[in-house]
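Taken in sequence, the protein lines are chains G and B. Heads up: the first sequence begins at 21 in the working numbering, then just goes up one per residue. Heads up: the second sequence begins at 215 in the working numbering, then just goes up one per residue.
Worth flagging that the hints you see were computed from the coordinates, not collected in a lab. Among these hints, one or two may not hold up.
[Stated by the list, open to error] Footprint (simulated), chain G over chain B, 3 or more residues, beta carbon under 8 Å:
id, stretch
1, 264-272
2, 285-294
3, 307-317
4, 339-353
What you are looking at is a predicted structure, and each value in this text was computed from that prediction instead of being measured. Ideal Cβ placement from N, Cα and C applies to all residues, glycine included.
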Amino acid sequence: MTAQGLNLGLEARELRSQAVDLALADAGLERDAIDGYIRCFVDREDLRYMGLSPNFSVSMMTGGATPVFSLLTAIGMIQSGQAEMVACVYGEAHSARAARGVQPIGAYGYGYPMLYGLMGAAATHAFHARRHMHLYGTTSRHLGAVAVTQRDYAVKRPGTLGYGKPITLDEHQASPMIADPFRRLDCTRDTDGGVAVLVTSAERARQLHAKPIYLLGGGTGHNIANWHKGVPFDNHDNIEPAKRRAFAQAGMTIADIDMAQLYDPFTISPLMQLEAYGVIAAGQGGAFYADGGAGPEGKMPTNTGGGQLSAYYTTGFTGIIEAIIQLRGDAGEGQLKKAGTALVSGHGMNAGVQNTWAHASLILGSEQ
Amino acid sequence: MTTETDNKHLDTILKVGGDPADLPFWNACEDELFLIHQCQRCKRGYWPASRCVDHGNEAMEWVAASGKATLHTYTIIHRTHLASMKDKVPFVVGVVELDEGPFFHTNIVDCSHSMLELGMPLQVKMARHENGLMLPMFMPAN
Ligand SMILES: [Zn+2]
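Construct all of the structure, not just a fragment, from the sequences and the given hints.
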């Protein structure tokens, strides 16, 4: 992973290139070892610029679930004999794009609802938050507890946006309203950064320099099923089938998981996902956060590097990277005492009126 | 309905990333008619235009709906990048559940924000948008 943050002054492709270089160095591999390449989102000139020559290169787009999907796809390419070493690569330079005045506002519309002023993910995720408040009595202070919990993690993690910058619940409550019930501190912001994760067979991984992290299970679920059932706003994605498949593959239950790294564009997101994954019952998310359940000493430490809300926004790689850091024991002052297994989720893609699109679950372990 | 109006509406719909398949709906709004797309075999209602999940496209028709709904969820927009909406903040974007079943994204109007409550009964109110389109909005029922 490269540096992450605001105004890094590097172009997106340069960030991806640096991320690949860092991953190769971490694994102790030469450039020609990469025989598969998955660019999360869109690429054209990456391979030539990086001096790579894989058997294939795929551009993948399923929103914030893309990074988890890229790892699942890499497994398939390896198992079908297409590659031995697949690089799953991300790099975006939002500040460079903004500096050039390129504002892709159209991408934040959800179709005809834009006629009514609906634009941006805050508004659509606010629909979930409002439903949750109505159904379960969740409050803005509960959402604030999510923001504070994650910031507390980031405060201790160098290289994050929140490093050394604590926030309080009162500051959350005083931050300006954006899309009610979301305040400024309920929302993430785009950052610059690059990430490359190398996926290979367990045998090959054990021969490499870096400590391998094992992919134990994966699953996917699509929110269109919730749309057809009339419950897209009561659910934060269609997690049930993703969870079922991932845990079956891993031969585990939620009780076997030491930490959760859940996709968090807004505070409501990890709260609702902890419920959907069965860490707590439906409706208990607010109280769980308020009682420290997602903190380092809680029942399920969640988004332990600060998450996208307080660390950096790599559109779904944030959770994968944090799981790898914790499972390798590299989290420094923020290292969890028990860090053998991790649940990671990806979520996203603007899906128009049905709100969001994809969900992907991953179970990672420090042992096979 | 003139072709000229059709084309004007189509442009407006495409500009916001809407679906040309919904053009009959937007055209009917000009006559203050609120339509839904309905499967004539099972009477399940759809919006936006869809194939029936059970019966495909064989019996889908645009039919007049009651214009009655309940509030399913909403947000109050305080900050917007949409130039046309900047002077309207704070405004309410809601998802209403039409009595015929489907969801509809809309503005909730003629209702103070403190009175908004999920499940409250609503009725359609047509209002001319500055882009020329007649837009169905929803207000508290009676
Ligand atoms: Zn039907």
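Okay, the hints, checked on the actual structure:
Note: the stretch 264-272 of chain B has 1 residues with beta-carbon separation from chain G under 8 Å; the three-residue rule is not met and the coverage is violated. Only residues whose beta carbon comes within less than 8 Å of a beta carbon in chain G count, and the stretch 285-294 of chain B has 9; three or more means the coverage holds. Taking a C-beta to C-beta cut-off of 8 Å, the stretch 307-317 of chain B contributes 5 residues in contact with chain G, enough for the three needed, and the coverage statement holds. Look at the stretch 339-353 of chain B against chain G: 5 of its residues bring a Cβ nearer than 8 Å to a Cβ of that chain, three or more, so the hint holds.
Hint check: a violation occurs at hint 1 only; the rest are consistent with the structure.
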